[in-house]
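We have chain H; now place chain E onto it with these hints.
First to last, the sequence lines map onto chains H and E.
First residue of the first sequence: 17, per the numbering used here; consecutive thereafter.
First residue of the second sequence: 17, per the numbering used here; consecutive thereafter.
The hints are simulated quantities; they were obtained by calculation from the structure and are not laboratory data.
All residues carry an ideal CB built from backbone N, CA and C; glycine is no exception.
One or more of the hints may lead you astray.
[Stated by the list, open to error] Sample of chain E residues with no beta-carbon within 10 Å of chain H, all distances over it, derived:
(1) 106
(2) 221
(3) 222
(4) 259
(5) 287
(6) 318
(7) 332
(8) 347
(9) 372
[Said to hold, decoys possible] So the derived label-pair ranges between C-beta atoms look like this:
(10) H:139 to E:180: 28 to 38 Å
(11) E:334 to H:332: 50 to 60 Å
(12) E:87 to H:435: 28 to 38 Å
(13) H:166 to E:331: 48 to 58 Å
(14) E:87 to H:40: 54 to 64 Å
(15) H:78 to E:419: 27 to 37 Å
(16) H:47 to E:331: 47 to 57 Å
(17) E:226 to H:213: 48 to 58 Å
(18) H:226 to E:331: 50 to 60 Å
(19) H:185 to E:107: 52 to 62 Å
2 protein chains.
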Amino acid sequence: MSLTDMTDEKLTELAEKVRAEYDDLKAKNLNLNLTRGKPSAEQLDFADELLALPGRGEYTAADGSDVRNYGNLKGIPDIRAIWADLLGLPVELIYAEDSSSLNIMFDLVSWSWTFGNNDSERPWSAEENVKWICPVPGYDRHFTITEHFGIEMIPVPLNEDGPDMDAVRELARDPEVKGMWLVPVFANPSGVTVSEDVARQLAEMPTGAPDFRIVWDNAYAVHTLTDEFPENHNVIRFAEEAGNPNRFWFMASTSKITHAGAGVAFFASSPENLAWYASHAAVRGIGPNKVNQLAHARYFGDAEGVREIMLKHAGSLAPKFKAVLDILKDRLGEYEVASWTEPTGGYFISLDVMDGTAARVVELARNAGIALTGAGSSFPLHQDPNDRNIRLAPSLPPVDELEEAMNGVATCVLLAALEKLDK
Amino acid sequence: MSLTDMTDEKLTELAEKVRAEYDDLKAKNLNLNLTRGKPSAEQLDFADELLALPGRGEYTAADGSDVRNYGNLKGIPDIRAIWADLLGLPVELIYAEDSSSLNIMFDLVSWSWTFGNNDSERPWSAEENVKWICPVPGYDRHFTITEHFGIEMIPVPLNEDGPDMDAVRELARDPEVKGMWLVPVFANPSGVTVSEDVARQLAEMPTGAPDFRIVWDNAYAVHTLTDEFPENHNVIRFAEEAGNPNRFWFMASTSKITHAGAGVAFFASSPENLAWYASHAAVRGIGPNKVNQLAHARYFGDAEGVREIMLKHAGSLAPKFKAVLDILKDRLGEYEVASWTEPTGGYFISLDVMDGTAARVVELARNAGIALTGAGSSFPLHQDPNDRNIRLAPSLPPVDELEEAMNGVATCVLLAALEKLDK
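Excised from the complex, chain H in its bound form:
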């Protein structure tokens, strides 16, 4: 029965039961962590052979160059070609760089801030005010970058097919709005995938700022939890067709495919955007780690090789997601006290608890030895206006620990709701 339909007596009875459950939970002295979207040891083992690649005597890229020496800011063609194929992009529009796409995103904002980008009238730092569109819930590290530069973040709702386009279109007319974060496929944390229609609207919409950019952070481009892969739209072409060729800064990486933080990051964009990026990146450094790029290219073989590996990841992750969803349904479903996403890919489940209780749920869980991502993390400045959203990251713990943690979380969600109802 829904909590809202319960009599006062029934609520009191339930509260007693849930408090007892919470006391039992605390007595277990757990030490469980659901905070970050880290791959598990089982997943990292999939790429074990990569630890011995490219292998002795193996140092020649497809273009005949020696990957052990300086040079080639764009990255080697071997790995660029695989990702171009995977993402449906022309290989000449994709650069392969070091480690994490977060680094590239930071640099793009930083260099736009200091120098202006290739469509800027002046550096962003010279503008009176710079604003940024932030679909919510969203990726906390995106918001941390814009916060770091003092950029004013404006939340817009993320719907089932992408950001609320009426809101986005309206905001984008403001010349102070310089950009927008977006995880277009299996979004962090909601799992939402942007539809082709919304992607085209984003490419086509007029903007007040000539140097407006959408950071198309395609971090989960191939990270399915089923046996089907999502469609990856060539938004760079959409934008070119719409007469806004420089609209998208397109990111991808191998971080949750091979070894997290030790892989290859990709930056795809229009020729003009790439040239602007290179004009600063070539001052910052000489080129990426091409030995690691060759190792990755040899490990994958081709785009199909990447997809095969992703099905292994799905085999490891899908039971964990199912375990979380089953417990949420079993423990919370009848009370209608929470709602959650049921993603078919990505790394997260977005849990909405009773309004005004998310911070309390996280606190209760912490006091019981279960670390959850801080309430509000998926919102700019950690400010969830409804104190409602919690990001669950099921990937890292083994299934039995995950079940233990989620049963504890369910108890905390219920207890916080009952407290809110003064029980």
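This is chain E only, laid out in the frame that chain H set:
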């Protein structure tokens, strides 16, 4: 006989001979390159086993952490300990980061520019004017960074024991002077090593700007051409003792030890400077490529392992340096038309030709198929006030090609000098 002592007749005779040599040189249709300090294929082969490291099943750092997963902005203790030992620094003051120290130097300047550093009263971008001390001849990529940010570069002479300290002390009093580039050991391109006395003076001198920094780019810390290693001074301690604890940003890297651009870069500094760096680096990314750090740590073993590898490099490089120096002496010595450094380490020979002829020498060489680093490259804005200096990079070509190229260069140096004397 010195050119200046020659009769007009002798000069004319010599000019005829040298012109004939230059015509012969052009007829060879050479295609030789002495532009950059790249390691040769022979040197890169020394690290062949690194291409298969850390090896399957090998992913645990000395602190028990799994290098395949996210985290640890400081880098793994295994590789930090080896470099701390090698450089005589406490391990807690050294971070291991990705790829190239150039990246870190750029970020340090960029973040000081945008945010100010930990001793800044305001961001450098908010200053009326920012100036930088540039010992010359120096490293072109350093100067490119400061040029990129519009920082005014002030050259000071680099003497046998380091930068001219009278000039440096005087400039450092100016509050607009925010920093200084320096390669302290086997400097690029002169091979000069900063003495302990000069290092201490740099640590001790008063500065007008509280946020003044010396970029101590120790790129060639162990890059000997003999069987002796240079002393590496702990300037961080010198600075602390002098009451200027945050004076140095200290860099090192494996770039010319293992594989260029695919290695590990090190940033050492005071605890406050490191904390400031981390406050920005942690927004830019999650952590460095720790798999590559473990591979390097396993490859080296310890500091002695690094020194053993460097002796192999010396064995490969020393004959090339000798070949260059022998040809310069044989072909140019008697005419007293040029002078050059005779470095005991590093990657470069600095050649000073007759004043006003360096650009012409590079042009003559290029027309004969020999690519030299552009004249003036070792000076801010590529402006060598005497048009005198040429940086020679002997490492990349095999000895026979190097000899052919250097014989050609010697012809060009003589011809340009004779042209200058209107012959």
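Structure-based check of each hint:
1. 106: The claim stands: residue 106 (chain E) keeps its Cβ more than 10 Å from every Cβ of chain H (closest is about 26 Å).
2. 221: The claim holds: residue 221 (chain E) sits with its nearest Cβ about 29 Å from chain H, beyond 10 Å.
3. 222: For residue 222 (chain E), whose nearest Cβ neighbour in chain H is about 30 Å away, the distance exceeds 10 Å, so it holds.
4. 259: Residue 259 (chain E) clear of chain H: closest Cβ-Cβ about 32 Å, beyond 10 Å.
5. 287: Holds: least Cβ distance 22 Å, greater than 10 Å.
6. 318: The claim stands: residue 318 (chain E) keeps its Cβ more than 10 Å from every Cβ of chain H (closest is about 21 Å).
7. 332: holds, 14 Å
8. 347: holds, 30 Å
9. 372: Given a closest Cβ separation of 30 Å, the condition holds.
10. H:139 to E:180: 28 to 38 Å: At 36 Å between Cβs, range holds.
11. E:334 to H:332: 50 to 60 Å: holds, 53 Å
12. E:87 to H:435: 28 to 38 Å: About 34 Å separates the Cβ atoms of residue 87 (chain E) and residue 435 (chain H), which means 28 to 38 Å holds.
13. H:166 to E:331: 48 to 58 Å: Distance hint for residue 166 (chain H), residue 331 (chain E) holds at roughly 54 Å.
14. E:87 to H:40: 54 to 64 Å: violated, 32 Å
15. H:78 to E:419: 27 to 37 Å: holds, 34 Å
16. H:47 to E:331: 47 to 57 Å: holds, 54 Å
17. E:226 to H:213: 48 to 58 Å: Holds, at about 56 Å.
18. H:226 to E:331: 50 to 60 Å: Given a distance of about 57 Å, which is inside 50 to 60 Å, the answer is holds.
19. H:185 to E:107: 52 to 62 Å: Given a distance of about 54 Å, which is inside 52 to 62 Å, the answer is holds.
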